[in-house]
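Novice: So the sequences go chain by chain: A and B. Take the first sequence: its position 11, counted from the start at 1, is 11 in our numbering, and no numbers get skipped. Take the second sequence: its position 84, counted from the start at 1, is 84 in our numbering, and no numbers get skipped.
Please note that the accuracy of each hint is not assured.
Said to hold, decoys possible - One side of the interface only, derived from the structure: several residues of chain A facing chain B at Cβ under 10 Å:
| no. | residue |
| --- | --- |
| 1 | Leu5 |
| 2 | Leu9 |
| 3 | Ala348 |
| 4 | Asp349 |
| 5 | Phe350 |
| 6 | Pro383 |
| 7 | Gly385 |
| 8 | Ile390 |
| 9 | Trp410 |
| 10 | Phe465 |
As the list claims (entries may be wrong) - Beyond 12 Å from chain B on every Cβ pair, some chain A residues (computed):
| no. | residue |
| --- | --- |
| 11 | Lys100 |
| 12 | Ile164 |
| 13 | Ile232 |
These aren't lab readings, by the way, just hints derived from the structure by calculation. Note that CB positions come from ideal geometry on N, CA and C, so glycine has one too.
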Amino acid sequence: MEPFLLGILGAMTPENLVYALSGCLLGTLVGVLPGIGPVSCIAILFPFTTYLPPTGMIIALASIYFGAMYGGSTTAILMNVPGEISAVVTAMDGHKMTKKGRPGPALAMAAIVSFMAGIAGATFVAISGPTVARLALHFGPAEYLALALFSLTATASLSGRSLIRGGIVTVIGLILVTVGYDSSSDFGRLTFGSETLIEGFSIAPVMIGLFGIGEMLRIYEQKIGSSEKVKIGKLMPNRQELRDGLAAGGRATLWGIPLGILPGMLPSVTSFLAYSFEKQRSKTPEKFGKGAIEGVASAEAANNAAAMSNLLPLMTLGIPTGPSMALILGALMVYGLMPGPMLFTLHADFTWTVIGSFFVANIILLILNLPLVGLWARIATIPHGILAPIVLVLCLVGSFSLRTSFFDLWVCVIFGLIGWAVSRANWPLAPLCLAYVLGPIIEESARQVGHLGYGLLLERPIFWFFIFLCGVSIWLTRRMWAKTQAELANSEH
Amino acid sequence: MPIKKIELGILFIISVVVIADGISLVNLDRMRAGESGTYVIFLGILLLILAGLYMLKDIPSEWEKQPGGRQVAEAICLLAAYAFVMPYLGYLISTFLVTIAYMVHMSGYRWVPSLAFAIVFSVSTAWFWAWLVVLVPQGFFPWPEV
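Chain A extracted, bound-state conformation:
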């Protein structure tokens, strides 16, 4: 308990409070912009956090992520423009409430249950983090290899309708990260004699291009956005709505937390599952999809609980479970930080301060979101013509600033085009992002296993457990995907 309290105190220092507040503000600010979800938001903003000290950087990144999750629900509810797939479920009932003239209660409920789920998720990370980290200390290269493969297969199978496409994108991500100088062999790979390519593709311009510029181009093409001004009106839900919403949010939080720690179980999938569970157990399922506050509450709570528990595998094992976490890991790697079990032992002060900041960030977000909801709604109506040059300039400056390389500017533009084309053809981008970050871990672990002898694998039951989970995840997630798609189709009708 003592380290936890010290962590809270550490997070409350004026410096860390400023990082958390700035992260929450920036995350919400960018998150409310139509069409920009948490992944794009982190991609656009993470280069600027690398100027902060390590603690400040991870606090700011986590706050940006939470802020973007909160902000995404605002546009989903007010404009029916979900920033990412997880907010699609929120939009289904939230926007119907707006059409019925009750956007205030929908926004307030989203903020309240997000706070509740965020605090529950942070508590879960604080309680289980040290235990998982202790277990992870027994992990060797074989276990890390299998865990990384599990994370990749789960994400590839969950992030789109076609497993083959997910697999192709994953392999392309693994190939891209091999471009450049290979320190273990002392040779360049896939450089074709180019001295520029020897440095490889830095993660920042690749991710900013894929998720920042690619997304802006998609928004521009589809003219996503609205200049429609929505009157928020009365903010707080009535007593019955509050009771129903909180109960649904509580149940969804219980779903979201355990699901969030599973690789590939993106907040979007968790939202779909929690929503369909809530609809099935409801006595009035016909209300869902027509403006039921339980629909908004379940989707938002599951989404935010999963977003928080996603941080557990990242912090204890150094393994990201989805693209947002992969970007956070990528940002930490740019700074030379590698999360893993040692965080809870060698860098306990740092870790507990970061965990403490999760609580602080959630409180800040609740304070920001309820009274300032009108302001966020106005920001969300900024015309695309003004928004696009701002975001595009941010993207290019962010790409350039990390290595002050003009090559990175071109990498960003080219990957922007690739990102737009890939999402335009409905191929998933999440596995590419994850593969890009996990590629070096997979290669290094495979090499170490090779040096130790493959016979070693026979003595590693955890390795086989994760390999078994790879197969199970492919089979199970295909079934779940089909089911949630059917649920969604039913709700839309």
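Fit chain B to the known structure of chain A by using the hints.
Specialist: Positioned in the frame of chain A, the structure of chain B alone reads:
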């Protein structure tokens, strides 16, 4: 040409290039180069197999023609121009030019508000980056100096 054929063509080209690069590394016959090359060959073969499966399976391409294609091409050209001129003109001037081009040409704003916005945006962000000590290209007009 159907989109799926283009997708497959790109995937097969990438696979072949990757495998060829891996083979060239293995053929170097130096310590650890073989190991490094084998991993690359493995990835190339994996991509080849998956591309083959994608070809054989009945998975249609989901690319649909949309009316905004021309605008996207223009936006990409504008970005490429921005990346091209930034080293020479520096952040301030290139950002001013690209913002005004975007607002007038692509968003349809009138010249005067676009000019005003471009000046305010480029000057304020240039100053902001300098204040944050974020390095941006300076070009021939290094203002404000970091």
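Novice: Each hint: holds or not?
Specialist: Against the structure, the hints come out as follows:
| no. | hint | verdict |
| --- | --- | --- |
| 1 | Leu5 | violated (33 Å) |
| 2 | Leu9 | violated (28 Å) |
| 3 | Ala348 | violated (31 Å) |
| 4 | Asp349 | violated (27 Å) |
| 5 | Phe350 | violated (23 Å) |
| 6 | Pro383 | holds (7 Å) |
| 7 | Gly385 | holds (3 Å) |
| 8 | Ile390 | holds (7 Å) |
| 9 | Trp410 | holds (6 Å) |
| 10 | Phe465 | violated (23 Å) |
| 11 | Lys100 | holds (32 Å) |
| 12 | Ile164 | violated (5 Å) |
| 13 | Ile232 | holds (28 Å) |
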